[in-house]
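Protein chains: 2
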Amino acid sequence: MADNHPVTSVFPYEQLLSFTTAIFQKIGCPEKDARTAATALLSADLRGIDSHGVARLIGYVRLKEAGRANPTPDIRIIHETPSTAVVDGDSGLGLVVAPFAMRIAIEKAKNVGTGWVSVQNSNHFGIAGYHALQAVKEDMIGIAMTNASALVAPTFSIERMLGTNPICVAVPAGEEPPFVADLATTTAANGKLEILQRKNEAAPPGWIQDKEGHPSTDPHALKTGGALLPLGGDRDHGSHKGYALGAVVDILSAVLSGANYGPWVPPFPAYVPMPTGMPGKGIGHFFGAMRVDAFRPGNEFKHDMDNWIRRFRAATPAPGHEKVLIPGDPEREMEIERLQQGIPLFASVVEDLKGLAEKLAIKFPIG
Amino acid sequence: MADNHPVTSVFPYEQLLSFTTAIFQKIGCPEKDARTAATALLSADLRGIDSHGVARLIGYVRLKEAGRANPTPDIRIIHETPSTAVVDGDSGLGLVVAPFAMRIAIEKAKNVGTGWVSVQNSNHFGIAGYHALQAVKEDMIGIAMTNASALVAPTFSIERMLGTNPICVAVPAGEEPPFVADLATTTAANGKLEILQRKNEAAPPGWIQDKEGHPSTDPHALKTGGALLPLGGDRDHGSHKGYALGAVVDILSAVLSGANYGPWVPPFPAYVPMPTGMPGKGIGHFFGAMRVDAFRPGNEFKHDMDNWIRRFRAATPAPGHEKVLIPGDPEREMEIERLQQGIPLFASVVEDLKGLAEKLAIKFPIG
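First to last, the protein sequences are chains A and B.
Mapped onto our numbering, the consecutive letters of the first sequence carry residue numbers 773 to 1139.
Mapped onto our numbering, the consecutive letters of the second sequence carry residue numbers 773 to 1139.
These are calculated hints, taken from the structure and not from any lab test.
Warning: the hint list may mix true and false statements.
[To be verified] As a list, the in silico DMTMM-like pairs of lysine to aspartate or glutamate whose alpha-carbon atoms are at most 20 Å apart:
id : chain 1 : residue 1 : chain 2 : residue 2
1  : A       : 1053      : B       : 1078
2  : B       : 1095      : A       : 1072
3  : B       : 983       : A       : 786
4  : A       : 964       : B       : 984
5  : B       : 1053      : A       : 1078
6  : A       : 1135      : A       : 1123
7  : B       : 1053      : A       : 1065
8  : B       : 1095      : A       : 1078
9  : A       : 1126      : A       : 786
10 : B       : 882       : A       : 852
11 : B       : 964       : A       : 910
12 : B       : 995       : B       : 1008
13 : A       : 983       : B       : 984
14 : A       : 1095      : B       : 1006
15 : B       : 964       : A       : 786
16 : A       : 1095      : B       : 982
17 : A       : 1053      : B       : 1065
18 : A       : 1074      : B       : 852
19 : B       : 1095      : A       : 803
20 : A       : 971       : B       : 1008
21 : A       : 882       : B       : 1008
22 : A       : 1053      : B       : 1072
23 : A       : 1095      : A       : 1105
24 : B       : 971       : A       : 984
25 : B       : 1074      : A       : 852
26 : B       : 1053      : A       : 1072
27 : A       : 964       : B       : 1094
28 : A       : 1095      : B       : 1008
29 : A       : 1095      : B       : 984
30 : B       : 1095      : A       : 1105
[As the list claims (entries may be wrong)] Among chain A residues calculated to face chain B with C-beta under 10 Å, some are:
id : residue
31 : 837
32 : 884
33 : 969
34 : 1118
Positions of the beta carbon are idealized from the N, C-alpha and C atoms, including for glycine.
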């Protein structure tokens, strides 16, 4: 098999969950937190967002080793009102801090209709969709976003100022599965670029620019001073809108909480030096939960939401396309498939996990 | 002057405000409501969003004449919790209903930190930015969105299912002016297309598709069964994200309130027949207000927000560009200019206003 089509092996979800939980325990997380973190992390693999799943486990371990992630954080509310809170994550894993914060948003929504929680002093939280979906289980609309280290140049700039800053809005339905809009505010997520880098294939125009700000199709352009482009790609195609959306995520996640924002957000790779002159603490997230019955009787809402989903699913497809998708469809279908058939991992990821297992003296796989 | 560069005349803001208020009174609005509606409508002209301002006054009058807009609505809360409400606009002008609903969001935020109001049974509300900025005056983050009649095809579809569904998020700062992200969830707003139609110029690829779903640069393609494209343009450039964002606006504005959604949203032009089988009432909006001091002390927030704005304004510009803009900069600069120098109107708009004045037996201009 050629280098650009790496060998994959397939592992049952439960095996990877046990292994990942064990790794988080080995770096000092209490068992309950380790399980929480592993569940959040592997939700990315289940939903087909492979770049954000177990492939990053080694990155989280390195953050702990570098003293940048605290395995036993004292996560706490530092400011609150009936519908809001700011949470200090105490440098914990975002995979643990985020579920804590989302739980507070949900509890506040139970009391006063909605809950909104901005988080400082956290680390990367995996995929936004996992956190937003916690609210859906309680018949609430869930919202999750996070900032991330700067890879994206604003419109008219060559400087990396924003992360890929995802937004997720998840909405419960009745008989239909939930609607889940989960999107990076860039034309393409960094994970998609990584796939092209591995294959050495050109990126479509509108994804990246080079260090002089010229459009580029080189998937490696980020390594030579280039930048990802905001959703829209260029000014004519609305990149100022993607820039504005990424900026909103940054402000709600970090200016509202006291975390770092813009070019000061700490990088995920532990070997990359921290930015100088950081104005806040750690990275920031923002969560929301809105009880649907704080607006309408739940059964009426669900009836209309089912109708919405069915009508959009029945929209006339364009030639060459079978059907119109509802946001969340591909990830949900992938989750069903991978729970049954297992999670495929690239050989390089398996090697990383085996190395990690050896170093921390546990088995791979477990189970 | 050539046909494709229509003659413009310039009118002082106060003249247009008096005239517009008088027109709304003539169609039956109480004086206070007429003033509210005129102020909201003309904020579009001041901010340079000419397509949504006084040029649409005749459209609002026609809605009243067609019995679709109620000049004396009984606008009321029909469901609420401490942080939420649903407002029934009683078929009032959105220009009156929206300020009422935003005021409720602000009052709820004063009490419990945030306020969220979904609106049914309304009409078009002008520009989202005007409504969101009401919260900024109270040191709150303001959020405004609305659905609109279907012009946009979801990714992989040829059917118009969504409006241009704008989102505005406005954030107060300290010494710096507010941050105002105000964007249609399409590649280009319909107003920009109208400008190209007037000039008979081609649209950039990625804005529209023809009735078969092929990319089109014909600015008139919407009249022959084509559709606007979601932000991103095509799947490779993230149109599924623009579609998802437009869908979120539709759901929060209409499924949450009991308004019409998707292809059932009533059209703005009174001569266009209403959709059949409408599931809700009127069009829907969604508003939010979040007190910044429900998260952090206000002065700390403003200090960081000023720092955010200054750092982004100082980002290295791309060659050929002078500076990086903060969302809201162009509209604010335009507002300052037009308050001083007046509002330019195309000859065709002036003709419409004169016709309206004659029909309703009032002077144009007033003052």
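Which earlier hints turn out false for this structure, listed by number in ascending order? 2, 3, 4, 8, 11, 12, 13, 15, 19, 21, 24, 27, 30, 31, 33 and 34
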